[in-house]
Amino acid sequence: MGFEAKTLERVYIFSTLGAPDEPREFTLTILNEAFVSHRVSYQDAPNICSLKLHRELASQGDDPPKTHFDITDAELDEYRAAHSPATARKLYSTKSASQP
Numbered sequence: 002m003g004f005e006a007k008t009l010e011r012v013y014i015f016s017t018l019g020a021p022d023e024p025r026e027f028t029l030t031i032l033n034e035a036f037v038s039h040r041v042s043y044q045d046a047p048n049i050c051s052l053k054l055h056r057e058l059a060s061q062g063d064d065p066p067k068t069h070f071d072i073t074d075a076e077l078d079e080y081r082a083a084h085s086p087a088t089a090r091k092l093y094s095t096k097s098a099s100q101p
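Using the numbering used here, read the sequence shown as starting at 2 and increasing by one per residue.
The hints are simulated quantities; they were obtained by calculation from the structure and are not laboratory data.
Careful, some of the hints might be misleading.
[Said to hold, decoys possible] So the derived label-pair ranges between C-beta atoms look like this:
id	residue 1	residue 2	range
1	59	26	15 to 21 Å
2	34	64	31 to 37 Å
3	22	71	16 to 22 Å
4	22	82	34 to 40 Å
5	7	84	24 to 30 Å
6	62	9	20 to 26 Å
Note that the Cβ used here is the ideal one computed from N, Cα and C, for glycine as well.
Can you build the whole structure from these sequences, using the hints too?
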C-alpha cells in the first residue's frame, strides 16, 4: 500500500492477490478538499479506503470489473459518524456503581 499526493486528490494504492495468486492493484481517491476542510484526517484515510475496498470486493467478488474507486462525501460522513468520540464512549462506557 502507498499513496500519491496530487493537486486535487490523494490516491491510495492497494495490492491484492487474485486467483491464481496474481497481484492486482486498486486505487482509491479522496479529494484534497476533504482534508483541508477537516472532514477526514490523513491518519484515517488509509482505513477509509481499505474499508471501501473490502466492501467492493465482498459485493463484487475478488475480481471486480473496476480497479479505481472514489471515496464519496457520504462515505466520509458515515466513517466519521461511526468513529466519533460519542460513538466510542458508548462502546466503552463504564458500568454505573449500582450495577454488580
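Consistency of the hints with the structure:
Take residue 59 and residue 26: their Cβ atoms lie about 19 Å apart, and the range 15 to 21 Å holds. In this structure the supplied range 31 to 37 Å holds for residue 34 paired with residue 64, their Cβ-Cβ distance being about 32 Å. Restraint check, residue 22 to residue 71: a C-beta distance of roughly 28 Å breaks the suggested window 16 to 22 Å. In this structure, residue 22 and residue 82 meet the distance hint of 34 to 40 Å, their C-beta atoms being roughly 38 Å apart.
About 26 Å separates the C-beta atoms of residue 7 and residue 84, a value consistent with the hinted range of 24 to 30 Å. For the pair residue 62 and residue 9, the supplied restraint of 20 to 26 Å is violated, since their beta-carbon distance comes to about 31 Å.
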